[in-house]
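So that you can map any letter, position 20 of the sequence shown is 20 in my numbering, and since no number is skipped, the others follow by simple counting.
To be clear, the hints were calculated from the coordinates, so they are not data collected in a lab. Treat the hints with care, as some may be off.
[As the list claims (entries may be wrong)] Estimated spans, in silico, between C-beta atoms of each pair: (1) V173 <-> D152: 35 to 43 Å; (2) P200 <-> G16: 51 to 59 Å; (3) P9 <-> T138: 36 to 44 Å; (4) T107 <-> V173: 32 to 40 Å; (5) T183 <-> E127: 13 to 21 Å; (6) G163 <-> S102: 40 to 48 Å; (7) T107 <-> S130: 27 to 35 Å; (8) I108 <-> P200: 15 to 23 Å; (9) V179 <-> N157: 16 to 24 Å; (10) L60 <-> V173: 55 to 63 Å; (11) N75 <-> G20: 14 to 22 Å; (12) G153 <-> S130: 42 to 50 Å.
Where a beta carbon is used, it is the ideal one built from N, C-alpha and C, also for glycine.
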Amino acid sequence: MKYVRITFPAGFDVSGAGIGTYTAVDSEAGPTASSSGQVITVTFATTSVGTASKAFTLPLTNIINPSTCQYYTVNVETRGLLNATIDDPTDSDQFYVFCYTSPPPDTIAPTSAITFPTSDMSFKIGEKVSITGTAQDTGGSGIQQVELSFDDGKTWNIAYRKGYDEVYTWEYVWTPQVVATYTIKTRATDWAGNQEIVGPGVIVKIVEQLVEEKPPVEKPITEMTVEELKT
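Please model the complete structure; the sequences and the hints are all you need to start from.
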């Protein structure tokens with residue numbers, strides 16, 4: 001045997017392949033390997049290599065393969081001194097090309113929403129208010145954090161993530177200490193660094209005392225006026 005030729009199927013390019021050290025059971029020292037197009041060729045100094053050397057190892061790297069994910073067949077031939085006579089029938093083996101598609105970079109800002117409280121709700125000063133909401137990132141990198149502001153974006157407070165379901169849910173416990181009208185605003189940030197454009201938020205009132213609605217007082221028929229009886 002003088003040559004070993006490894007031929008890759010159409011679409012492959014091994015011209016820039018990295019070729020490691022050829023090893024076999026009884027191969028002579030110093031075989032050289034080269035690559036061109038679809039073929040890797042191992043050349044021996046003499047033809048004295050025995051048949052046991054058909055079991056060999058040749059590490060290859062940087063093989064350019066097609067983008068189609070499927071099984072391919074690689075042919076291995078042993079050739080004589082003139083590189084025209086095949087000493088043994090062509091051998092072949094199959095391998096599978098796995099395709100991995102890199103996702104595009106995430107350039108889309110995430111969004112967030114407050115589910116509680118809703119606008120125009122009132123709370124007593126010093127009362128703990130559990131603010132809850134959701135966040136979504138359609139860009140693919142995922143939500144990193146959600147923040148809340150009670151002073152029109154001057155300062156921000158990080159919300160606590162409630163769970164790790166498909167929907168990102170969050171919570172922030174707020175204890176207001178000043179009677180005032182507040183606009184609660186939120187902003188989400190994803191792992192790609194995209195930050196949400198802050199929306200109008202939710203307006204709530206903090207009061208000294210909540211006004212309880214009293215049920216209407218029912219009068220006896222004898223005390224009702226004629227107009228009340230008509231209704």
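Cross-check of the supplied hints:
no.: 1; hint: V173 <-> D152: 35 to 43 Å; verdict: violated, 21 Å
no.: 2; hint: P200 <-> G16: 51 to 59 Å; verdict: holds, 57 Å
no.: 3; hint: P9 <-> T138: 36 to 44 Å; verdict: holds, 40 Å
no.: 4; hint: T107 <-> V173: 32 to 40 Å; verdict: holds, 34 Å
no.: 5; hint: T183 <-> E127: 13 to 21 Å; verdict: holds, 18 Å
no.: 6; hint: G163 <-> S102: 40 to 48 Å; verdict: violated, 29 Å
no.: 7; hint: T107 <-> S130: 27 to 35 Å; verdict: holds, 34 Å
no.: 8; hint: I108 <-> P200: 15 to 23 Å; verdict: holds, 21 Å
no.: 9; hint: V179 <-> N157: 16 to 24 Å; verdict: holds, 20 Å
no.: 10; hint: L60 <-> V173: 55 to 63 Å; verdict: holds, 60 Å
no.: 11; hint: N75 <-> G20: 14 to 22 Å; verdict: holds, 20 Å
no.: 12; hint: G153 <-> S130: 42 to 50 Å; verdict: violated, 22 Å
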